[in-house]
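*Asks:* Okay, here's what each chain looks like letter by letter:
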Amino acid sequence: MSTRWYPLYQRGNPQLRVFLPNFWMKLVRPTPKQLPNIVNFECSMEMTKYDIKNYLEKIYNVPVVDVRTKIAMGKFRKDIGKGYVVKEDDKKIAFVTLPKNMSFEFPNIFEKVEDQDDENMKSLDDAKKSFKSYIDRNKNRSDVPSWFSI
Amino acid sequence: MNKIFNKILRCSVVLNKSQNVYRMGPVAIKNNFHTTSAKCDLMEFFDTKKNWSESNIRVGRAWKLDELRIKSNSDLHKLWYVLLKERNMLFTMEQECNAKVRLFPNPERIDKVQESMENIEKVVRERNIAYYKLETGETGERPVEDVVNLIGLQEKYEKKEYAIPRFLNSRWVKPYLENGYTNSYAIKKFLRLYKEKQYNEKRKARNRDYNHVQQLLKRFPDMDMELLKAEYPNVDIEKAKRTKKARGNYMPKY
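Just so you know, the sequences run in chain order A and B. Everything in the first sequence is counted per this note's numbering, starting at 1 for the first residue and increasing by one. Everything in the second sequence is counted per this note's numbering, starting at 1 for the first residue and increasing by one.
Fair warning: there could be bad hints in the mix.
What the hints assert, rightly or not - In silico PhoX-like cross-links for lysine-lysine, where the CA-CA straight-line distance does not exceed 20 Å: (1) A:K26 x B:K49; (2) B:K50 x B:K100; (3) A:K70 x A:K87; (4) B:K244 x B:K218; (5) B:K78 x A:K58; (6) B:K85 x A:K26; (7) A:K58 x B:K85; (8) B:K218 x B:K245; (9) A:K26 x B:K100; (10) B:K50 x A:K112; (11) B:K49 x B:K100; (12) A:K92 x A:K53; (13) A:K112 x B:K100; (14) A:K33 x B:K100; (15) A:K26 x A:K58.
Don't read these hints as lab results, they were simulated from the structure. Since we're looking at a predicted model, the values are computed, not measured.
Using the sequences and the hints, build the whole thing.
*Replies:* Here it is, written out as structure tokens:
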């Protein structure tokens, strides 16, 4: 188990038990709008539908009705400097259906930060304005230090 | 992460407490033993709400091997799942930050969790080997064999299970019986060229060093010869001194 190498056959053919799973899953924002009880995940390429179901039910205690998966091909792009073709990694995307009465909405994480952004922009504008006025004031006396003033 | 460490620390503290209590009587355990309640929800994939607007999230360090070695198997098992959830949370937050073109605060958290998980696996492996050695006299690790591979080079082959024995596997056995691994023309040619390439690399390195030593002797005739000998052990320095390249624009000393 710690070698992460599973035998083809064992006497008695016991069910495979994984004690330290190293699968990862991340919850992603759905690109087209979806039903409220469907959640999108990106997960390790090795995970099967059964793995995903068990993972969510046993580790996160989330009831799962159905799992559909697809493998999204990574994008091809040209390297900016060299011009050779680069391919991004493929991803496995899982669409997990929760029971009818449950719903999940992807939270807006940067709500507070957006408010702060407005304030930051305001202060930046103020600074720009004051700098502009300072430049205008000293237009006709170049080479004079800023402290040389009334 | 800090929170997790606290949780685990608390768990271990509680366990110790319960051990002390055990001397008093088994009834007391039930009252004193408690673990932090696991919040099971899809929101576990996200950081705590407090950290959403933070630009700098301070965390502790990764778990060290020695700290993990003194933990019990069940503790390691619990810690593994804590770390697994933490890693999923960090991956989710990183993905969301990238999607919204925001800075992901303290990305080194992922590395710390990763390192802790690797260390847990190392400790479990150690214990596995120790157990197998005690019980069977073998390590229980995957056996490794030195083999000559398809292009005639030495290779470590990690053995794996097959559904049929080797002699029944006609696809593997036929070319092997007909040619042997290193008997085919293509492999002989490859090995010849490969050896030539390796020899050339060696030869070029030798010449490069020899020339460099000559240039050094020309530029710095009074340098420490022992140091030079230590730096370039394969170069015959006495020979290099007498060459034309090593002679500077001054009267030679010999």
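*Asks:* Which constraints among the numbered hints does this structure fail? Numbers only, ascending.
*Replies:* none
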